[in-house]
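Peer 1: So the chains spell out like this:
Protein chains: 2
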Amino acid sequence: MPWITINTARHMEPSSLPTAVEVRGWVRTRRDSKGGFSFIELNDGTCLGNLQVVAPAELSNYADEVQKLTAGCSVIVTGELKESPAQGQSTELHADAVRVIGWCDGETYPLQKKRHSFEKLREWAHLRPRTNTIGAVMRVRNRISQSIHRFFDEEGFYYLHTPIITASDCEGAGEMFRVTTVDLDKLAAGNRPLDPTRDFFGKPTHLTVSGQLEGETYASALSRIYTFGPTFRAENSNTSRHLAEFWMVEPEAAFFDLRDNMALAERFLKRIFTDCLNDCGEDMEFFDSMIEKGKLDQIKSVIEKPFEHMTYTEAVEKLTTCGESFEYPVQWGTDLQAEHEKYLTSLVGGPVILTDYPATIKPFYMRVSDDEKTVAAMDVLVPGVGEIIGGSQREERLDVLTRRMAEAGLDESEYWWYVDLRRYGSVPHAGFGLGLERAVQYTTGMTNIRDVIPFPRTPGNAEF
Amino acid sequence: MPWITINTARHMEPSSLPTAVEVRGWVRTRRDSKGGFSFIELNDGTCLGNLQVVAPAELSNYADEVQKLTAGCSVIVTGELKESPAQGQSTELHADAVRVIGWCDGETYPLQKKRHSFEKLREWAHLRPRTNTIGAVMRVRNRISQSIHRFFDEEGFYYLHTPIITASDCEGAGEMFRVTTVDLDKLAAGNRPLDPTRDFFGKPTHLTVSGQLEGETYASALSRIYTFGPTFRAENSNTSRHLAEFWMVEPEAAFFDLRDNMALAERFLKRIFTDCLNDCGEDMEFFDSMIEKGKLDQIKSVIEKPFEHMTYTEAVEKLTTCGESFEYPVQWGTDLQAEHEKYLTSLVGGPVILTDYPATIKPFYMRVSDDEKTVAAMDVLVPGVGEIIGGSQREERLDVLTRRMAEAGLDESEYWWYVDLRRYGSVPHAGFGLGLERAVQYTTGMTNIRDVIPFPRTPGNAEF
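Protein chains in written order, with our numbering: chain A, 3 to 466; chain B, 3 to 466.
Where hints are given, some of them may not hold.
No copy labels: a pair is met if it fits in one copy or bridges any two.
[Stated by the list, open to error] When the alpha-carbon atoms are kept at most 27 Å apart in a straight line, the in silico DSS-like pairs for lysine-lysine are as follows:
#1 K295 - K344
#2 K36 - K320
#3 K205 - K188
#4 K205 - K122
#5 K295 - K272
#6 K320 - K364
#7 K364 - K302
Simulated from the structure, these hints should not be mistaken for lab results. Remember, predicted model here, so these are calculated numbers, not experimental data.
Assemble the whole structure, with the sequences as input and the hints as a guide.
Peer 2: As structure tokens, then:
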């Protein structure tokens, strides 16, 4: 008898029914009917919906086992898959055998029928993927990740693994975690200064905050690359928007300017959203009805409409003349705050790409524009989440780059290999970074970033 | 005029030639002909081969710029793509404009025409992807990585991001790097004991050595998952086979036994190799002729033949009766060494899957067999590289698992969430791990693992 997933079972063509199958999964609920049979809702994580199993009293283990099944038990069921007469499901499985694989103590199993808060579920990170919401989030997260690889592969970008342990710091993009093999207890007791040359790598090393600089070296050889891997921030931010460990995608392309970069970012986001609608329809409808009403329409409209473009200078003008009162005042030369970004996205009713930021608030590697005051930076803002992508054209001119490094107080010799790229066949190039979790949050409507990554890492939390 | 990659230019259909195009890339060589023109070999990293550009003396910048082009300069060339009369190339570009984008000082540029050793190239990790070999390696590495995602996506496995920073240690699979925000200089000077509760996560944390245990939690909810991410070993091994940071793929499937696991591993490896042959043909021929003669035939034969299966006990019998003399003696109950694995793969003339190892030499999570002496482990060995995949069916029985943990001296309370999986709907399940770099080494024939990862991390080395 062929084994099939519950997703397959639920979407079997009516014309091919009835058919004999085997399914394997975990019991969500059991309900005993007076008619001499039980209904078992079975789920195997391949889709949101359950398969209804009809288990007749004639089964040899009906009284001993079937009637004792509770939420969480694992079973293998064989039987005939038939069209269901019930509403809301097209098939059901008429069991001729229900084999119990693993029991689940209903007294202690945390996931009872009642709904738990997302906060509570975080304490059971090992079990929460068995719930509707977290299961759906992780299927969407998978779909977005697959989309990322397909998109860049089709666009001729090579997947590049930049190092996680690094001796450089991408110009202090954030606080970093130290990586060491020094015995900290001995160090505390030793009463002698730390000698980093005796550490594993012979120097102080940290967890990467971005693979961009290394990515640029490969873009200067293979033309187009992208990274997709974990990045880290050791910031003590206990908010719903920050993680100490998160996944980032960073494409980098040679012979690319800011316009090319903006077009790539727009194609990229639209592809992700389109794939989610096409391949995760049931999950997306769940988010639309249970997590954020209107999510489906919002995403469809983002796919259909061209993204708005606006310079930083235009944005500041709009913000200062709109008559809104903001908590943080706006003036040319300061960073925009979440409230300002929110106003701008609601003003244009969708994503907006802000460009040409003041050089003084952006890192040294961004290309200085002819006006000498701005750099070729871009941020893609989306409603609800705010900045989802940040990028720029990079400074390819040796003299300008070294001047900017000096202004930023950076030691050029520490970046000798990065500067080398401007000595040897330098090319205009550009790239951006997308935070995967922000993208999953936007797609699903989940409000806390800890609920869109399997095992969140935040200050004080590294259980599991 | 349409911009195209050099890979596209070199594989244009003869019927569509001549055609006007623009290409962008880096000069590999320039040769001036007496006939009043120059030949420029141009590469953009999209393929191994170069595009030959014919630059006539009539170009306005011919004497001032074209004749000064050296290896490494970046250019944009427009012209007509024609069938080439020369041997070994099907097309060439007759330039009507050669625009120099970035010069490259021939006096200081490290990558001169002469061949450098791989060891030397490691000192120029930012430039080595511009060489034939490293460029080809990274294209194959990309192809294998893309294959990994496609294969598991098609087989119904969800891509799962298990944590990099972890408080558990997968039963000491290896030495670990400490991750901390404690100020080490202050700690050394402070003259007071380390207090891990004041560290970032409130406890000691390390870089992961495997995502398996966390992966099992999601397989127990979504049925099939795989991880693909960086893993770490803080071992002071300065060999051609070890990295401190490397990428690993770890599938895990519920309702899977050892046989299913073996079949999955075989399909998986064959898919990777097939994709490399189909999509990286030119690179693979390069490895076959320049790095390891016979590589193509070897890989084709691996794809065609079913993998051999052999139990550990059978392997020990063969090794002890074959009459070979080994450096390390073989007897039942000890781990096999590289020399033994090598003998076994040459004996069967291809990959072999060894199974059913002694329980005493394998970790606590592997399923104990009915004989109580062996566990349902499997190692896939390939010629040249040795173990490329290690996996097992996992112990799903609560009582056996906790007994094995006690025997291994592990504190059950530290693994409460892992043990929970055996309390709540436990299922037979299995999985394995593939080291990406080992797979790239085997596919390309590269002998040093430092040459198949962009920025190798080894003791004393974390430049770039």
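Peer 1: Look at each hint and say if it fits the structure.
Peer 2: Structure-based check of all given hints:
1. For the identical chains of this complex, K295 and K344 are intra-copy neighbours only, at 18 Å inside a copy versus 60 Å across copies, given an alpha-carbon limit of 27 Å.
2. In this assembly of identical chains, the alpha carbons of K36 and K320 never lie at most 27 Å apart, being 67 Å within a copy and 63 Å across copies at closest.
3. Taking identical chains as interchangeable, the C-alpha atoms of K205 and K188 lie at most 27 Å apart whether they share a chain (19 Å) or sit on different chains (17 Å).
4. In the homo-oligomer, the alpha carbons of K205 and K122 lie at most 27 Å apart only across protomers (21 Å), although the nearest pairing inside one protomer, at 42 Å, exceeds that limit.
5. Taking the shortest Cα distances, K295 and K272 sit within 27 Å of each other inside one copy (20 Å), while across copies they are farther apart (45 Å).
6. Only within a single protomer do K320 and K364 lie at most 27 Å apart by alpha-carbon distance; the minimum there is 21 Å, versus 66 Å between protomers.
7. For the identical chains of this complex, K364 and K302 are neighbours neither inside a copy (33 Å) nor across copies (52 Å), given an alpha-carbon limit of 27 Å.
Hints 2, 7 from the list above are not met by this structure, while the remaining hints are.
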